[in-house]
Amino acid sequence: MAAGKELNPTEYIGHHLTHDARPFLGDGGFWTIHVDSVAVGILLGFVGIGLIWWVVRGATSGVPGKRQAFVELLVGFVDDQARGIFRHGDRNKFIAPAALTVFVWVLLMNSMDFLPVDIVALGTHHISAHGFRIVPTADVNTTFALALSVWFLMLYFSVAAKGWGGWMHELFCAPFGGKLFPLNLLFNAIEYLSKPLSHSLRLYGNMYAGEIIFLLLWMWAATGLVGTIFGSLLGLGWAIFHILIVALQAYVFMMLTIVYLSMAHEHH
Amino acid sequence: MNINFTLFAQALVFTAFIWFTVRFVWPPLLRAIGARQKQIADGLAAGERGKKSLEVSSKQAEQTIQEARERAAEIIVQAEKRDAQMIEEAKAAAKAEGDREKAAAKADIQQEASRAREQLREQVAALAVAGAEKILRREVDAKAHAELLDGIKKQL
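In order, the protein sequences belong to chains A and B. Quick note on numbering: numbering that gives the first Met the number 0 labels position 94 of the first sequence as 93, and the sequence is numbered without any gaps. Quick note on numbering: numbering that gives the first Met the number 0 labels position 19 of the second sequence as 18, and the sequence is numbered without any gaps.
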């Protein structure tokens with residue numbers, strides 16, 4: 000445990016749900032930065048994208064090696080999804096590679112959930128004694144950052160595909176026609192508001208809940224022999240089930256990214 | 000769940016990663032895959048061409064064999080015909096030779112016979128003359144009757 004003293008359950012969970020928050024400007028407040036989320040995020044991005052980049056740099060058009068075949072499988076999978084949804088131009092220019100980035104990065108960040116928190120904490124204590132959360136996607140800032148980036152891309156592509164006037168027209172005249180423009184505006188505002196919220200909170204909620212269930216199980220595992228056995232067994236079961244959630248949430252996040260960006264290209 | 004500057008930091012990181020993927024990861028792999036697809040397509044096309052040319056050449060070979068077979072059959076028929084013809088010719092030649100020899104033999108025989116007859120005739124004439132001489136020696140002058148005897152000889 001963090002400070003080497005006994006912790007009650009609330010303190011244990013609270014400790015593991017504490018970010019390594021450091022003030023970025025002044026004395027914090029909004030200008031606080033979660034060093035753990037950002038650092039792990041960058042590290043995993045470098046590992047994931049960097050690994051793919053390394054394989055791609057040596058890619059051959061001849062018989063691919065196992066590594067290249069794996070990367071091609073991954074890229075083919077993402078490209079298939081992008082091809083199925085995005086029909087408004089060359090998907091290779093932006094949408095498909097962006098989707099690949101989202102999928103790989105989110106999948107890796109979600110996968111940090113599998114690492115046993117208390118063992119990792121032995122190492123991260125040297126960075127921060129207060130807490131160091133290793134699942135960036137269980138930090139609402141990360142998921143909001145991703146969702147908002149996609150949201151801005153969505154606005155950009157909306158305007159780029161339809162022009163400023165076209166976008167305005169759509170904002171006021173779709174889907175009910177020009178006469179009901181206040182209703183249309185309200186409708187579109189709600190849509191624009193709900194998209195990033197549902198996009199980010201879905202991922203955040205799933206990862207956060209998964210983390211808490213792990214913490215509860217590890218807490219149980221600390222209550223004696225029976226607790227250790229059942230806690231470990233259930234932990235194993237939850238981890239196996241969590242593989243599904245981790246992959247599924249990464250997939251959903253990627254799919255929503257593609258869908259939102261495709262919808263931005265559509266004319267109404 | 001407190002929103003803070005992490006949001007911007009992560010958004011920045013995210014943007015950087017997307018930019019990197021769009022710029023450096025996606026295009027080279029796409030090129031490699033595209034080149035491989037082309038290679039495979041070319042290979043398949045080449046295979047198809049090879050199959051087609053094999054088909055053509057096997058058809059050609061079949062045709063050549065068929066022609067050779069027909070030619071051989073023709074040659075055999077011709078040879079048989081020639082064979083029969085030669086036998087026929089030989090037969091005819093043999094027959095002609097035989098006929099000729101027969102005719103020659105006949106002619107010889109006739110010649111021989113006529114010669115024998117001539118000799119016989121002469122001998123008979125001589126005999127007759129001798130007989131007549133003997134008869135007439137006593138009464139007739141041989142010289143006076145020679146003309147008469149010649150006439151008889153000719154009548155024989």
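Since the hints were derived computationally from the structure, they do not count as laboratory data. Quick caveat: nothing in here was measured; it's all calculated off a predicted structure. Don't be surprised by glycine CBs; every beta carbon is placed ideally from N, CA and C. Do not rely on the hints blindly, as some may be mistaken.
Stated by the list, open to error - Partial pick of chain B residues on the chain A-facing surface, computed with a CB cut under 8 Å:
no.	residue
1	Thr5
2	Arg35
3	His144
4	Ala145
5	Leu147
Restraint check, 8 Å cut-off on beta carbons, for histidine 144/B near chain A: violated (140 Å)
Answer holds if the nearest beta-carbon of chain A is closer than 8 Å to that of alanine 145/B; otherwise answer violated. violated (136 Å)
Is the shortest C-beta separation between threonine 5/B and chain A less than 8 Å? Interface hint status for threonine 5/B: holds (4 Å vs cutoff 8 Å).
Interface hint outcome for leucine 147/B [beta carbon to chain A under 8 Å]: Check failed: Cβ of leucine 147/B comes no nearer than 138 Å to chain A, outside 8 Å.
For the hint on arginine 35/B, just tell me whether its beta-carbon gets within less than 8 Å of chain A. Given a least distance of 4 Å, the restraint on arginine 35/B holds.
In this structure, the earlier hints numbered 3, 4 and 5 are contradicted, and the remaining ones agree with it.
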